[in-house]
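Visitor: In order, the protein sequences belong to chains H and Z.
Numbered by the working numbering, the letters in the first sequence go through residues 1 to 110 in order.
Numbered by the working numbering, the letters in the second sequence go through residues 1 to 114 in order.
Label-pair distances were calculated between CB atoms; the ranges are:
#1 Z:Arg110 with H:Asp11: 27 to 33 Å
#2 H:Met10 with Z:Asp56: 35 to 41 Å
#3 Z:Glu62 with H:Glu58: 39 to 45 Å
#4 H:Leu51 with Z:Lys57: 25 to 31 Å
#5 Z:Pro83 with H:Asn54: 43 to 49 Å
#6 Z:Asp38 with H:Leu80: 25 to 31 Å
#7 H:Thr65 with Z:Val54: 33 to 39 Å
#8 Z:Asp56 with H:Pro76: 39 to 45 Å
#9 H:Gly101 with Z:Asn28: 27 to 33 Å
#10 Z:Glu53 with H:Lys52: 34 to 40 Å
#11 H:Met59 with Z:Glu79: 38 to 44 Å
Rather than coming from a laboratory, the hints here were simulated on the basis of the structure.
This one's a predicted model, so the numbers in the text were calculated from it and none came from an experiment.
Virtual Cβ for every residue (Gly too), placed ideally from N, Cα, C.
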Amino acid sequence: DAKTTQPPSMDCAEGRAANLPCNHSTISGNEYVYWYRQIHSQGPQYIIHGLKNNETNEMASLIITEDRKSSTLILPHATLRDTAVYYCIVRRDYGQNFVFGPGTRLSVLP
Amino acid sequence: EAQVTQNPRYLITVTGKKLTVTCSQNMNHEYMSWYRQDPGLGLRQIYYSMNVEVTDKGDVPEGYKVSRKEKRNFPLILESPSPNQTSLYFCASRPRTGAGYGYTFGSGTRLTVV
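Just chain Z, same shape as in the assembly (with noise of 0.2 Å):
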């Protein structure tokens, strides 16, 4: 089944300690983003990736890494989490042109910051 994964689905973690939160596709799509969202202010772009070893900053990448080693693996990395980090995640993927194809998403990852 084609499909975005993220894990974990929950998380919650205590400020300053380092976390990873893991998302693989397996549609060799060259496209994947990362989003948060939070009551009042939608969905946010965090960072994207247009290809192996290619990415850049959306909307809100303050206090946030990414990298993209792999095709298929886009992890989000936070060094020293904050509590205004808290929010839900999600990860995204789609192919970088052809008939408009929009991102498939993945079921999202909920993260507790205290």
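So here's chain H without its partners, still in its complex pose (with noise of 0.2 Å):
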């Protein structure tokens, strides 16, 4: 599974967007790009996941580069319970280890 670069933190303001770049230049044709977050301690939430084309769902919206080789995160109006750590992970559909890095700690503030 190709290896993913996020910053390692990030600051946005209450009700601003949040845009959470991550590179992933060695992805290959069949690797989807998935976004989960993990506030304090709890379980990692799925938030979004993609192939090519930009996805849009209730959380956030995804966009994807033409070449795949990066995407952002897009949380459109952050809010204090958005403070968390963002991972960003590329791996293909089947097979069954999901490796988290690092991640981005975005802190929302009022």
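Take the two lone chains, each set in its own frame, and fit them into one complex as the hints suggest.
Guide: This is the structure in structure tokens:
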């Protein structure tokens, strides 16, 4: 599975959009991009995933570049409850292991 | 409600005293997995199961056992716990395949071995 690179930390003002980048330059054609987050010591929470196209759900939007070497998770209106560590993971659909890197610690500030 | 349930949430035990952490999912998922999380080391996979009676080692299996006798249950067994197994443990499940679905995680079990 391809490795990912994320900034270690980011700040965002409450009510503004939070844009979290992820670099996955070695991604292969059958690998998905997944985003999870972990609030304090709770279990990681699935946010969104995508293969090639941009995706949107009730939590966030995922923008994947045309060459698929990077992506951005967008939280459109960040709240204090969005403060968490955000993990970008790249892997194939089949298989069983999700490798969690250090992620990005997002702090939403009042 | 679709969920992964772990018990107990907190456990303090002594070195060498066998313990089991239970995990159950109600989503009929084929895949189940155990992770441990330690400061500075992130989440690491301990064991996984791809279906009933099919289990295999993850990245850090030493000192742990698992079993998968039923599809919904995947207990984690520490036969002789040691202090270096003090950690936060997560169970997770996912469908075998299908549109890239990811793991659903439980709420965690914080284990302290003294």
